[in-house]
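The task is simple: from the sequences and hints, build the whole structure.
Protein chains: 2
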Amino acid sequence: MTSKALISAVVCILSAQLGSAQTNELADDWKPSVLNQPGQQYPQVNSQRYARFRIVAPQAQSVRVSLGRGGTALTKGEDGVWTGITAEPLDEGFHYYRLTVDGGTFNDPGTLNFYGSTRWESGIEVPAHDQDFYALKDVPHGRVQQVLFPSKLTNTVIARVAYVYTPPDYDKDWSKRYPVLYLQHGWGENEYAWWNQGRANLIMDNLIAEGKARPFIIVMTYGLTNEGPGPGGRGRRGAGGNPFAAASAAFESVLVGELIPYIDANFRTLTDQPNRAMAGLSMGGAQTRAITLRNLDKFSYIGLFSGGVISTNDVLNTPGFREKVKLVFCSTGSRENPGAIKANHEALNEIGIKNVAYVSPDTGHEFQTWRRSLREFAPLLFRD
Amino acid sequence: MTSKALISAVVCILSAQLGSAQTNELADDWKPSVLNQPGQQYPQVNSQRYARFRIVAPQAQSVRVSLGRGGTALTKGEDGVWTGITAEPLDEGFHYYRLTVDGGTFNDPGTLNFYGSTRWESGIEVPAHDQDFYALKDVPHGRVQQVLFPSKLTNTVIARVAYVYTPPDYDKDWSKRYPVLYLQHGWGENEYAWWNQGRANLIMDNLIAEGKARPFIIVMTYGLTNEGPGPGGRGRRGAGGNPFAAASAAFESVLVGELIPYIDANFRTLTDQPNRAMAGLSMGGAQTRAITLRNLDKFSYIGLFSGGVISTNDVLNTPGFREKVKLVFCSTGSRENPGAIKANHEALNEIGIKNVAYVSPDTGHEFQTWRRSLREFAPLLFRD
Numbered sequence: 019m020t021s022k023a024l025i026s027a028v029v030c031i032l033s034a035q036l037g038s039a040q041t042n043e044l045a046d047d048w049k050p051s052v053l054n055q056p057g058q059q060y061p062q063v064n065s066q067r068y069a070r071f072r073i074v075a076p077q078a079q080s081v082r083v084s085l086g087r088g089g090t091a092l093t094k095g096e097d098g099v100w101t102g103i104t105a106e107p108l109d110e111g112f113h114y115y116r117l118t119v120d121g122g123t124f125n126d127p128g129t130l131n132f133y134g135s136t137r138w139e140s141g142i143e144v145p146a147h148d149q150d151f152y153a154l155k156d157v158p159h160g161r162v163q164q165v166l167f168p169s170k171l172t173n174t175v176i177a178r179v180a181y182v183y184t185p186p187d188y189d190k191d192w193s194k195r196y197p198v199l200y201l202q203h204g205w206g207e208n209e210y211a212w213w214n215q216g217r218a219n220l221i222m223d224n225l226i227a228e229g230k231a232r233p234f235i236i237v238m239t240y241g242l243t244n245e246g247p248g249p250g251g252r253g254r255r256g257a258g259g260n261p262f263a264a265a266s267a268a269f270e271s272v273l274v275g276e277l278i279p280y281i282d283a284n285f286r287t288l289t290d291q292p293n294r295a296m297a298g299l300s301m302g303g304a305q306t307r308a309i310t311l312r313n314l315d316k317f318s319y320i321g322l323f324s325g326g327v328i329s330t331n332d333v334l335n336t337p338g339f340r341e342k343v344k345l346v347f348c349s350t351g352s353r354e355n356p357g358a359i360k361a362n363h364e365a366l367n368e369i370g371i372k373n374v375a376y377v378s379p380d381t382g383h384e385f386q387t388w389r390r391s392l393r394e395f396a397p398l399l400f401r402d
Numbered sequence: 019m020t021s022k023a024l025i026s027a028v029v030c031i032l033s034a035q036l037g038s039a040q041t042n043e044l045a046d047d048w049k050p051s052v053l054n055q056p057g058q059q060y061p062q063v064n065s066q067r068y069a070r071f072r073i074v075a076p077q078a079q080s081v082r083v084s085l086g087r088g089g090t091a092l093t094k095g096e097d098g099v100w101t102g103i104t105a106e107p108l109d110e111g112f113h114y115y116r117l118t119v120d121g122g123t124f125n126d127p128g129t130l131n132f133y134g135s136t137r138w139e140s141g142i143e144v145p146a147h148d149q150d151f152y153a154l155k156d157v158p159h160g161r162v163q164q165v166l167f168p169s170k171l172t173n174t175v176i177a178r179v180a181y182v183y184t185p186p187d188y189d190k191d192w193s194k195r196y197p198v199l200y201l202q203h204g205w206g207e208n209e210y211a212w213w214n215q216g217r218a219n220l221i222m223d224n225l226i227a228e229g230k231a232r233p234f235i236i237v238m239t240y241g242l243t244n245e246g247p248g249p250g251g252r253g254r255r256g257a258g259g260n261p262f263a264a265a266s267a268a269f270e271s272v273l274v275g276e277l278i279p280y281i282d283a284n285f286r287t288l289t290d291q292p293n294r295a296m297a298g299l300s301m302g303g304a305q306t307r308a309i310t311l312r313n314l315d316k317f318s319y320i321g322l323f324s325g326g327v328i329s330t331n332d333v334l335n336t337p338g339f340r341e342k343v344k345l346v347f348c349s350t351g352s353r354e355n356p357g358a359i360k361a362n363h364e365a366l367n368e369i370g371i372k373n374v375a376y377v378s379p380d381t382g383h384e385f386q387t388w389r390r391s392l393r394e395f396a397p398l399l400f401r402d
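Chain order of the listed sequences is A and L. What the first sequence shows, in the numbering used here, is residues 19 to 402, in sequence order. What the second sequence shows, in the numbering used here, is residues 19 to 402, in sequence order.
Certain hints may be false.
Identical chains blur together in the list; that is why a pair holds if it fits in one copy or across any two.
As the list claims (entries may be wrong) - Only pairs whose alpha carbons sit at most 27 Å apart, straight line, appear in this in silico DSSO-like list of lysine-lysine:
hint, residue 1, residue 2
1, K155, K190
2, K170, K190
3, K342, K230
4, K170, K49
5, K360, K230
6, K170, K155
7, K230, K316
Hints were generated in silico from the structure; no laboratory data involved.
Following this line, the structure appears as structure tokens:
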């Protein structure tokens, strides 16, 4: 036996022991994920943030779950039911996942679906220590409404879809007008992401109820506008070409040329630059940077969540930046690249640009980072 | 060979020949269903209303689709991809379906999901000869908004979800008030059904644009209120007990005691009895009958879509019916039991009750019947 083979054998034995030790120590307080379909008991999560799965497919040869490092292979029991537990805890918050059943990609029939990676995927929610800030509470609730706005610029559709959050008092005082935040999803997601996966409406309801944020409107639309939504607004949008470049140029024309005028004409908005903000996550952050830097006459607050930074070069190369931009907010998960955000924060400070850098503890490139980013960003908006 | 066996053999040969003849005659004008996920080419429908499916699951032993009489077994090709065509045309309109892969129930990864049979299922849309009335057109569009209304009566949740359609001119004239239709889904569906599967918002946008219906508000909520929605409003509701009886009693208290007061307090409604209607499909029709007959001080128009009838006995046993109810509307698909609707229509006529009976041609207990029912019902509302 070579030393390499020996090490390999030892690792194998240790892993097996570790595996059983882990199983013995698992807390037996499993609860169905809150994102399960009605009446569905699986998937479940325990207090240690492990997830366990149960899939009925008696004649299947193999069932895998994409969650857990490298995925989790399920095991078939004598009853023909496949079960399995992730090998390690999951991060707090929301995760997309999928099943591989006999080589085909399917969703877990136990869960609700959420649009990510350009498809509706399974979702699971791992309770977080700070979940109270996005919980449904007995406070006044705003509304999320679907608008179909006419869109002619890209010649692909009759109308596009946006979802608009209006704060709880929006329908109480018809003379009041509100600032607006345009809030964008990431690559492969759509206009449902922020109010479903992100719970943006509940985050705002709670912040407003606690007096921590000024009430404002949030507009969420689809950021890859090279193809349009289907009838009924539940989006058919094909892939094709470079989705980032082509779509972002088209998106700027739709956002600035069509959506903003529609929102200002159909909602009680404050339409001046100091009362309009833009933020986005991941690809939506990159779009936010590009669009705001080209349209500083329209946006005064800029938020990039896991979506890069506004650099000192951006500031120096954009005429009027100092006078027009009230706040730059950049955030990231601690498991991403927090060093870059922090270094940029110092650099912006040195040239006197008001900015905030936020690092979400113990999270990666996922929605828990972005929920927390919105919680940190919203209270800073429209304060001047 | 017995004569029975002979007949059986002949039938078998004829079926095989018919099968191949049918395949030869199939129109090769397949198009992806408009309800497919972005970029997905399958399932497809041809001009003869056949559907064909394509499922990737290379190691699977069997893949079946629930559509077509008795379902459709798919066949595995050399590339490991399962394909198949329904043995007969499907009815026009929307259909729920599911896959059975190696004995497990999954959704078709090609399609969007729609809540039916108490789970999110695959959906397919067969173009209808009259689809123009629910198409997305270049007309002014109303909005569909999510409201979270406080609900204490059933002690199960903090808040419940409703979706509210407001007509296109709702935000144009702040002094104008509107009548309201409460519109209920069927068993196993939820508050998404009418504006997704049903396209109620587009039907109303089109009717209003053509001047055929008076603009009114539509309120759609979940009718099985024994369990509440989860956080974020995308509904967890367990089964258990008799869902019809327990839920309908609870639903009446929620609808009359909580939702109507909330809507009247938060939307610009006309709050008197002549300006409030209720309708529902299937189980929602039965609920509409029960709730309106017990609350004639609140509802003046009654619509039952594939949900039974208001009978002469109902009229005679309900004090004040003649004075209070302006219209009874009962509908059904021609493949259901149109005789009962028509006979009831005559009976109501004989006792002088203003009523309309509508039979949707060539449809069954499915959404195409109910889309058409709404198209017929809406123009009759709030005309006095």
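Structure-based check of each hint:
| no. | hint | verdict |
| --- | --- | --- |
| 1 | K155 to K190 | within (20 Å within a copy, 32 Å between copies) |
| 2 | K170 to K190 | between (34 Å within a copy, 22 Å between copies) |
| 3 | K342 to K230 | within (24 Å within a copy, 49 Å between copies) |
| 4 | K170 to K49 | between (48 Å within a copy, 25 Å between copies) |
| 5 | K360 to K230 | within (25 Å within a copy, 60 Å between copies) |
| 6 | K170 to K155 | between (40 Å within a copy, 13 Å between copies) |
| 7 | K230 to K316 | within (25 Å within a copy, 41 Å between copies) |
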